[in-house]
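*Asks:* Hints in hand, dock the two standalone chains.
What follows is the residue order along each chain.
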Amino acid sequence: MSANGNGWSRLYAGYGLSGPVALVMLVLFLLVPLLPGEYWTVVGTEILILGLFAMSFNLLYGYMGQISFGHAAFFGLGAYATAMLFMRLKTAGGEIGMLDFFLSLTAGPPVAALGALIVGFFCVRLTGIYFAMLSLAFGELLFYIVFSWYSFTKGDDGIQGLLPPLYFQDAVHYYYLTLAIVVVALLAMWRIAESPFGYIMRTLRDNQRRAAFLGINVRLHMLMNFVIAGAFAGLAGALWGPFSRSVSPGLLGWQESGIAVFMTLIGGAGAFVGPIVGSVIYTMLQAVVKMYTVYWPLTIGTIILLIVLFVPGGVLGLIEKRIKARQGRLADAGDGVESAREGR
Amino acid sequence: MAAILEVTGLHKHFGGIHVTRDVHFSMQEGEQSAIIGPNGAGKSTFMNLLTGYHRCDAGKVLFEGQDITNRPPHNIARLGISRAFQISSIFAKMTVAENVRSAVHAQMRRSFSIFGVAARVGVEETDRVLDLCGLEGKRALVAGELAQGDKKRLELAIALAGKPRLLFLDEPTAGMSIEEARSTMELVDRLNRELGLTVLFTEHDMGIVFNHARKLTLMHRGEIVVQGTPEEVRANEVAQKVYLGEHHA
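Read top to bottom, the protein sequences are chains A and B.
Quick note: the first sequence, position 290, residue 290 per the numbering used here, numbers continuous.
Quick note: the second sequence, position 124, residue 124 per the numbering used here, numbers continuous.
These are computed hints drawn from the structure, not numbers from a lab.
Be aware that a few hints might be false.
In silico DSS-like cross-links for lysine-lysine, where the CA-CA straight-line distance does not exceed 25 angstroms [claimed, not checked]:
1) A:Lys324 <-> B:Lys138
2) B:Lys215 <-> B:Lys60
3) B:Lys215 <-> B:Lys241
4) B:Lys163 <-> B:Lys215
5) A:Lys321 <-> B:Lys138
6) B:Lys163 <-> B:Lys138
Note that the structure is predicted; figures quoted are calculated from it, not measured.
Pulled out of the complex, with its shape left as it was, chain B reads as follows (with noise of 0.2 angstroms):
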């Protein structure tokens, strides 16, 4: 199977700290997998590097094949890569439902369009796309009114407007209650298994990391400490003694 993201001898620093060393990263298409580490560590940087948020020092990123080192965030955005923040970002002031529509708009390349009524443009696919992540009968409600996991549930849901192929999600579950978690992941499983979705997360619960990640990689310092199945690096001496033993002990 040919890998969907190739990330070479990727470095960043900020200052004189080395925020990413060296990393060497591979996923393939399909795949469901995890980022695990301590605070700091340089889980959402990594994230920030491969969807060109910062740019990169040193190394190289390939999407299917192509090189997208150090391109603008919207024009990755458009190849097919797709990410949820950590922290809600969200159109505050728009109601949930035209957070996904204008999503969807983008999506479908008709963000310039002055000529077409937003109202009429993209429905079926915000209608789909609200319904996938619940958010159905809260879509006439203010954004930035809804409570914390309503936020991170709109969050994904815009993430998956645009029709991903690669998906990325930092925290999905942070702030959210364990049965908003439940479901969230549960989706994020269903998206994985029924439309081929690949998807790379960050995860501070050991217990959603063990139930929905099939591989792990476990960076610290701004390097990656080990990779493999979750039963590997759950037996990882290092791994222990960086991340692991401060939950299991």
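Just chain A, same shape as in the assembly (with noise of 0.2 angstroms):
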């Protein structure tokens, strides 16, 4: 017993609140398909998807502190780009090969990278509302030029059909295939995050002008991160297609990138692992309160009222202040030093 207290709390200790729980939770995501009936499986595969693409999110909103309302403009390219070019490769007979399904996967990320270079290259000269707004902006704008340009993206009617090869249409392959794309895109992200850059993002989140005096070209270093975090939603995206069989203009809309938003608040902007908590709350609670009514977006309005009056830091935020509490009374007992990690 107090060896294993002993290794949660190293955990802790090298990783912060994100390391015991990224691994509760990758144990349970790893068991999910092993409870009775697909649906929950489905569902899995769905908070996975959406919880990456929050993720994707976090990384403009915790780390470099600029909120984006158009962040799903990325999310719906990477789907479309990967649901174009499936279409593309499916052969006659409406099928389509392993390896061609996986090459029309890496269209995802690089489309959604593009966009955000190029929506990130105005996007960076404004922060804090001006930034939101704008992003907001392009975000509509991609999807209406999605919406309307029926010959290429098939406007509303969205593209269907996107039956991955049969090995991957059973619900617990095709889940178990999410996750692992999902581990290892998280793994990258946890490499950014801890890395020199990610650290350069918190200082321009804390204070812009005091990087600038340090010889850092802040906008530069924004646009980098904007295209990081837009190709990541956009794996996220390439994975939505062949999830749900089928892409529409929605995909890049802003209630989509509320969703993100929403996932975020609910888990925690501070934690590295809190917008897929968030995700994990937020899509099974849909899950089921949608089977018992209709008035989801009512549930989720008043949710996220009470998270952001009462509970600002999220989830994860709030077990990190009972802890930082319980400590805080250990040290004042003991000799403790206290030590701080902000931003995991």
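*Replies:* What follows is the structure, encoded as structure tokens:
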């Protein structure tokens, strides 16, 4: 028991709250397909994909300190890039080869990154509410382009029939594929968050002016982060099409962007794994609430209201606070030096 | 000896107010001098103009012979000019060590590195700066929760992490206790003496000014009134009238 306790606290000391939470979540995610029926496996896939999307959003919000209301544009661009390549690679019989399937998945991130490069070029000139509004405007612009360019994107009909190869048509197989890709993506994001660049992002969040006087080209660094966040959103989008068998312009819209914001606020922007914890809560809640009522927007609206008012750091922020308070009491009793962990 | 900083005919006005008027100023390498003057004299604006925070309306700034007039702040910082702010300007949510470490990374040109591990890059330099500024024992504390004096010390540490050749300090001891102020200025003296760092600081405490600056510049309403050694400035009649008088009355 005590050795176990030591293990947890070592994990906490090394990686912050995200360490133990990530470990527990990974084990639970691995076990999800054991639940009876396909339903929770499908919900689990959705949690992972939207969680990755929300995590990419938090690179901008939690680490760089800018809120984007148009981040779904890159999720949608990734989804459409994959879907359109997917349709081209499909055989006349309507099937796609395994290799072609993976090839179509790789189309998402670069196309989304390119979109982010163009949008970001303008957005990083601004901060705060102006950054948020411009990102929203660009998001809606891209939404309308996809929505109305019928000959190229099939407009509001969307693209249907994104049936993955037979092996991955099985919900459990697609789930594990998604889990593997999301885990690798999150490990990459963790590396970036803990890199010199990741900490430069935190300096930009805290004090852009000071960073500039250290020789940091603020806009160029923001743009790079914007592109990285866009690429990860694009990866999430790439996974979405074959999962839901279709893509539609709504994937680029502000409501989709809002999902990333909601998840991040629920889970906590201050912790690395906050957004994916938020995705677990948001998506499962939605799955349950929709069984009983059609008033999902009302429900989630109320929850967000309560979170913003009473739990501004999200669920993980709340837990972190509790741990700090307990450590503080222990430190008062003993001689412990409290170490602080921020932005993990 | 070559001039490290050469300012000619510097002008700046906000609306109709001239905050900097025809300022000519130069510093020799290894010099340690102070700008003094009443509140609103234009001392901070002058530093803002030199470091690219404000745009100059007219005039020229040369650093080591290079024209840096109206270049963006990050560009000027990279050439080797660093500054510490009057109101401590730190990264409030990061720890003390992370504050300094990121400044070190910027100086090492590693700010774009996404494959490195931040905790393993520039460790020695970070430790050296923390040690130098007496912040070693506070490295794990969140910067925003430090006492005022420690914040100012961290401010100085961040500025030093950039390995500058020219350092601007805007009231480096404001908000510090007498003891803290003394040790901070001793550190500045040491940097100047041992590392040959050229230092320009503003200060209201005349005790500190006369003990630590070898050259003084008195500004008043955006203009330079007197320049010279502390003794010369002290003896100057105009200086007595616009500034020193109120302190030594």
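*Asks:* Compare the structure with each hint and give your call.
*Replies:* Each hint tested on the structure:
1. A:Lys324 <-> B:Lys138: The given pair, whose Cα atoms are some 18 angstroms apart, holds under the 25 angstroms limit.
2. B:Lys215 <-> B:Lys60: 22 angstroms, holds
3. B:Lys215 <-> B:Lys241: Holds. B:Lys215 to B:Lys241 sits at ~19 angstroms (cutoff 25 angstroms).
4. B:Lys163 <-> B:Lys215: 23 angstroms, holds
5. A:Lys321 <-> B:Lys138: 21 angstroms, holds
6. B:Lys163 <-> B:Lys138: The hint holds at about 21 angstroms.
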